[in-house]
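Peer 1: Letter by letter, the chains look like this.
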Amino acid sequence: MTNFIIRRLIQTVIVIALLSYFCFYLMTLMPGDPVDLMIQSNPRITSEDVARLRNLYGLDQPTYVRYWNWMSGILQGDLGYSRTYRIPVSDIMGPKLVNTFVLSFASLALALIIAIPLGVWSALRAGTKTDYVIGFFAFSGVSMPSFWLGLILIIAFAVWIPWFPAGGTETIGVDHGSWWSIVTDRAYYLVLPTVTLAYISIGRFLRFTRSAMLEAMRNDYIRTARAKGLSRVVVIWQHGFRNALLSLITMVTLSFSGVFSGATITETVFAYQGVGKLVYDSIIANDFNVAMISFMISVSMVLIFNLIADIMYSFADPRISLS
Amino acid sequence: MQAATQDPSPQYSSKDLASAEHAQSFWKIVWEQFITHKAALIGLFIITLFILIALLAPVIAMVTGQNPEVQNPMNRYAKPMTEATLSADQRENAVTRFQELNPEPSAQIRKEIAEKQLFTFVREEDALYDLANAEPDVQKEVFAKLESPGHLELKQTFDQFSRFHLFGTDELGRDVFIRLVYGTRVSIGVGILVALASAVIGLLIGAMAGYYGGWVDTLLMRVTDALLSLPTLPVLIVVSAVSVDKVPGLRSIITQSNENIMKLVFILVLFSWMTVARLVRAEVLSLKEREFVLAAKTLGARDRTILFKHLFPNVIAPLLVSVSLGIGESIQFEAALSFLGLGIQQPTASWGNMLFNAQDLITEAPFLAILPGILILIITICFNYLGDGLQDAINPKSIRR
Amino acid sequence: MKLLKVLVLGLFVTASVNAPAAVSNDELKIGITQEFENLNPLIMTMSATTYIYSMVGRSLVTLSPDGKWITQLAKEIPTIENKKASFSPDKKHIVATWEILDNAKWSDGKPVVCADFDFALTVAASPNVSVGEKETYTQVKKISWDEKTPKSCTFTYEKAKWDFNQLAQFRPLPKHLEQAVWDKYKNQKEGYEKNSIYNKAPSTPGLYNGPYKISEVKLGSHVTLVPNEHFYGPAPKIKKIIVKLIPNTGTLEANLRSGTIDMVSSLGFSFDQAVAFEKKIKSESLGYNAQFKPSITYEHIDLNLENPILKDVKVRKALVYAINRDELIKALFDGKQQVAIHNVSPIDPWYTNDPKKITLYPYSKREAGRLLDEAGWKLNNADGLRYKDGKKLSLQFMTTAGNKTRETVQTFLQGQWKSVGVEVNIKNEPARVFFADTTKKREYGGMAMYAWVSSPENSPRSVLHSSNIPSEKNGWSGQNNMAYVNKKVDEIIEKIDTEFDSKKRTALAQEILKYYTDEVPVIPLYYRSDVAVTPTALKGFRLPGHQFAETNEIENWSLQK
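Chains as they are written, first to last, in this note's numbering: chain A, 1 to 323; chain B, 1 to 401; chain C, 1 to 561.
Chain A with its partners taken away, still in its complex shape:
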């Protein structure tokens, strides 16, 4: 087991390293560089200006040299400097990363809170009207274009019924007396984007819970437990759900990997100060350092959570061999 984990860990690190070069290379393949963008915004830039700036930014060096410079900076803990905002990458990404995680985890939590009980319920009522209604609710969420849902929610609950703000992350320019008022203020802005993201992912969790539960309830020990005369609640939650839980946890672990990049479009619609929007902008504006750090975080999170899921899965199901 340890052997397997170590081997996979090494593989993962190698893949991350290779992908980082691949991404870097991709970025250089893209037409244009920061200087080109400056030329566009200022017609009077001369060819001397262009040569001077390219040299200053190190853009006149070959890709591998630039990659090496970048990588050695990273290894020394220097994340670089954002060309768009002209401040260090860590300064701009730090708070946005936190915002994105807050949004993603809030919506994940909301989705799970709704999906798991409903999933169990519809599994127990499989084939009935309840099951159909819940199933429809799940499918409609999965099938909804997220930006469309976002727009509709804004129109409904920010313009027609002004319950929530149309966009933003927090009320600007207000002195919060206590941490509690900060939390409530942030929560107020989180409601609509969280609902949007959660509704879209409920379906997946719900259907998964339902089939895991169906599977679990079909097992012999459930019949035994029932035959023993245990109460329904005990049978369902202690025997049935506990068995479904293992695969559910794997599923949730896997979905952590999307936490970083899953909210880009929702963040854009709600002008939410998250990292998804930043990633998109940094690529559009050729902000190399920001884009590369985002790539790295995104890629690493996916690979690492995949690894964790694999390991957990093997623990959960000893029949799967780890060779």
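Bear in mind the hints are in silico, worked out from the structure with no lab data behind them.
Misleading hints may appear alongside valid ones.
Stretch by stretch, here's where chain B covers chain C in the computed footprint (C-beta under 8 angstroms, at least three residues) [stated by the list, open to error]:
hint	region
1	405 to 419
2	502 to 515
Not everything, but these chain C residues come out facing chain A in the computed CB check (under 8 angstroms) [what the hints assert, rightly or not]:
hint	residue
3	ILE43
4	GLN188
5	GLU190
6	ASN474
Under the rule of at most 20 angstroms between Cα atoms (straight-line distance), these lysine to any residue pairs were calculated in the SDA-like manner [what the hints assert, rightly or not]:
hint	chain 1	residue 1	chain 2	residue 2
7	A	LYS129	B	LEU41
8	C	LYS418	B	MET74
9	B	LYS140	B	GLU92
10	B	LYS38	A	LEU79
Note that the Cβ used here is the ideal one computed from N, Cα and C, for glycine as well.
Fit chains B and C to the known structure of chain A by using the hints.
Peer 2: Frame of chain A; chains B and C shown alone:
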């Protein structure tokens, strides 16, 4: 059945027959199972309806007299259920064009009008222009009496002048209804193309990885993992900058007019075969230890034979499920890309780009944004139900991942 | 069900209720849709940053919304006529005296002096600082002053150019604060800009000299501003200003109507939205004004003169004749923008529409058809398109993907050309790709649509001079993306720079327009209008229509019932 085993026909081996029977009865069971899933059946029905609409789009256009690309800029954002007329300039242009393209028939028509004095005009050579600017009743009368060859074509041109818009018009005064119909074509077409192409690629790669195992498996699966872990959007922007016609093999199927559709399909396929590959690999891994494969191996069958004859038929069922779900996903993906301005380009209509164009004015012309959104929603739900039904039918005990 | 009923009822009851527009001078929340960067005046390049910077920092002069050059930090504008400026003995340079206002101070109370301008020049000239257009600063060779009169500065200019006194973008840096950073990092590549106080602590007192100062900056989100008590001019009336970034134009209106923002700046609504919103203001009597102002921004289509089809001037002329630009403006913009006849806008003194001086192209499909026939492109009855030697008359038309106004115009024009038998294929790219490679390296097949933003009396050198055709050799700089070559035009451009007589200058500029309209390297479309939506209570707001932001007058803004 008994007869078959007792008296095997010479050209088929008993094994072939057995597998044929197995296959037949298997699909029969699947179908019987499938029709018990009511929602999936309704889904299938609606999908068939949409596909029919997509296929019949030109017919619908002809019957309703609408054209998805005819603009009417003076009547932008018309409300649903309204009638809109083209501007005088546009009518004159249409006439000029008709006369340029059909010089002789139009001369005859002009002559006929002059001879029969069908209506009052200034000069014979400009008679058609005057007709274009005449009252609709006058036009009707004239057309009822015209006999010269080509008058039907002219009437077609005139029919375009005033049109009824069921769902109103868009930002260029184009008919929303017919654009939705044509959008069905593009959206579902893209969805199906992407899902099929990624199924084929995923099948090949997944089967190779699963069957050969060892370093082939490790390599292919790490590549799959790597691609899966790449953030999609950034890479899409890069790909959108690359000229696809430089990719060998694609040049033959790409023309200038379908370039951006094909490009989108290409980009989407690039990012959607991985899940299929993983699924197929897992199937193949479990299948290859099964008796019939082992038997074929011992009998000295070639790898290719085993893959194509024994493994592929057995993964088709789960593949179908993933294709069905994949279509829904691709349709959504197309919409999301359009939201970022990277999707299908104008003037081709797709639900995604109609939605994108409408979002700025969602409070003024909500219909424009709501309709394509609802269509995307409906069709995706249907494909999801279809996949669900297939899943249940193929493997009633299955676990969805 | 009951809940649903309540919900639906609530929907109807509250449907018409909107958060009231701001009416007090306590706070004004301005919405923008474009990103901004850190506010170091030397380093900034984005228009949203300039928009915000104009609230907190001023330069010697600026261009007013009436199109006149006016003073800001300077007492008066030096000219040859008023004897504050003169030629050097060898006639190669100009020496001008700029006097800074006595009460011009930084936000910590320290006076703005010549040394601050000199410091800015020193920093900008360094090879280790990434100033975009260095010449803004280095056009001044030397700044000198007497220690006894630190506010009376003598500028010696590198060249004798007529527009030497238009120093609107030459911005001073507070030497007393930034000198220490500069001394420490000046030898390090990009060391200064990474460690500048504007970057590390943007709300430090003393960084700004405008009516407001920064109290909080969150890049990618918002900026909060409060009045600067050391401002040289009248005290600003609004007590707090928040500039908020809302990147999605689709939700901009929702943000406005729900009171998240009070007004939408000129960097906000798309034109379509503004027109639609104006109608809604009337029909629902909302408390806003939609403001439109014709601007210098010139929307046009570059023709790739290396394309064999477009090499023929008849085809180029036919393309212009074939499009009904009046209807385009009327239909798509509600008549609120102006048809362009060339690259100089009507609010520019160089403008002319005199048919004796330039060639005009009134809309005529027949004329277009005639020219195309003459050029050998004959109509084919089967598909209604034109062919010559078996080759179809087909052109590629590109613009920035995701810009809805442009895409609508593009589709409109496509329809117009189709009706004269020209097939136009649309291919759009994200702006970064489009501007980086496609336009510069002339990888656009035939036509590329985009806009130029400039100031009045701007030399067309970068766009029309043949030395500015982007090429490998000049590092792809220059903006002559059509590859337009005309020796005569080159010569006139050289002459304009040193022509001090404004009448003669205008005559020269119009001579260029003659060539421009005659040879049609570019299809002029329209001059854009700037749009903004302000609360009716906001007084003193004027849209400028050029690149110098409306916030140059922010001290005059006030909110009153």
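Peer 1: Quick check: which numbered hints come out false for this structure?
Peer 2: 2, 4, 10
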